[in-house]
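S.K.: Spelled out, the chains give:
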Amino acid sequence: MTEPLLVGTDLHKMYGTTPALRGSSLTVRAGEIVAVMGSSGSGKSTLLHCLAGIVRPDDGTVVYAGREISAMSDVERSALRRRDFGFVFQFGQLVPELTCVENVALPLRLDGVRRKEAERRARVWLDRLEVGDVAAKLPGQISGGQGQRVAVARALVTEPKVVFADEPTGALDSLNGEKVMQLLGQAARDTGAAVVLVTHEPRVAAYADREVVVRDGASLDLERVA
Amino acid sequence: MSIGHSFLGLLEGKPRHGYDLKRAYDERFSPGRPLHHGQVYATLSRLLKNGLVVVDGLEPGEGPERKRYAVTDAGITDVQAWLSQPEKPEPYLQSVLYTKVVLALMTGRPADEILDVQRTEHLRLMRDVTRRKTGGDLAEQLICDHALFHLEADLRWLELTAARLNELAARVRP
Ligand SMILES: Nc1ncnc2c1ncn2[C@@H]1O[C@H](COP(=O)(O)OP(=O)(O)OP(=O)(O)O)[C@@H](O)[C@H]1O
Ligand SMILES: [Mg+2]
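Chains as they are written, first to last, in full-length UniProt numbering: chain S, 1 to 226; chain P, 1 to 174.
Treat the hints with caution; some may be incorrect.
What the hints assert, rightly or not - To give an idea of the interface, some chain S residues facing chain P are shown, with a C-beta separation under 7 Å as derived from the structure: (1) Ala-79; (2) Arg-203; (3) Ala-206; (4) Tyr-207; (5) Glu-211.
Quick caveat, the hints were computed from the structure, so don't treat them as lab data.
Ideal Cβ placement from N, Cα and C applies to all residues, glycine included.
Just chain S, with the same shape it has in the complex (with noise of 0.2 Å):
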């Protein structure tokens, strides 16, 4: 086994009287595909938001190749949020304004690449993708299964570290659901990166190589347990 590249110990979150998170860990292997399920309301997406930095937990820690993410400056955590992570969430995601090809650009237009190659990059993804024909499309002009490809696309356009998706085919249809599912467990694979996939569908979470479930704010890895 790797060492663990992403490891969340012990983490607590309330919300106002709500608590979210009550001890909830999980470890991130690089390069493997973590599904974590659990009922409406369990917890799911604020462990992914403490995982990846966007939201500080209250108590525990976040420990990314080494380095306590709730130490860290704004500054660095959001660098690190552009680098090393990317993200896909169940819709709304992608800038209305901009075609598909300068969404996927995005990412690497706010890390300071060139225009130019920035969009060429951007296509390459779009095709692997299989959605290289909507590039010059706005967002409103395409169907909601080619918009989840986009977000893919753009997640890792940066060949991030660590992918969160949270819900990624929840407004989808079982077949372009799986289908987003499988290229973007492929893509992972291909370029090493470890995907936290929150999703309430089995048949989604059976391209994961292994599930957690949250069940009342604390994380259940039933397979070690079995």
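Knowing the structure of chain S, use the given hints to seat chain P with the ligands on it.
M.R.: Then chain P with the ligands, alone, in the frame of chain S:
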């Protein structure tokens, strides 16, 4: 469906006569499809022969229905092993799983663990089938999809049952 294990579980609460055992089984686990007397007889004699139950009382009359049976330590070990072992995932498992969950609740065992162990087993198989499907031709993909849809239905049932465990416990506990 393991009638023997269900009998052992039913006997854990208290010794029962053969006819009482049959009635309890029919009522809880097989409504509308009662056991044949032959099945009851065959099952009880096998349990007796294997030392999993003993006869601890007789009523006037003939046959296994009139005898009272008690579970032995070996019988309890046997039912415990059955409950903690996940079933091989396959379509139409629900009645076995339902029986396991109800027996666990009736005998004060952690029913949620049975569901968790089974869930893990199901998802493990779903991952295997998904890998096969990813590398397969169209025919292979369709065959795998058939299996995946059925396994998914089981998994949804496991989740639903887990969410309703307290409600079910209130109904089946003596
Ligand atoms: N920003 C917030 N403000 C207040 N409460 C929140 C916030 N985010 C989450 N919560 C609460 O924290 C708990 C966990 O929420 P979370 O979004 O992590 O659940 P989830 O498992 O992702 O659910 P779902 O499957 O519905 O997306 C819930 O009770 C939720 O209402
Ligand atoms: Mg969520």
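S.K.: A separate judgement is required for each hint: does it hold in the structure or not?
M.R.: Against the structure, the hints come out as follows:
1. Ala-79: Result: violated, 35 Å to nearest chain P Cβ.
2. Arg-203: holds (5 Å)
3. Ala-206: Holds, because the Cβ-Cβ distance from S/Ala-206 to chain P comes to roughly 4 Å (cut-off 7 Å).
4. Tyr-207: holds (6 Å)
5. Glu-211: holds (6 Å)
This entry does not satisfy hint 1, going by the numbered hints stated previously; all others are met.
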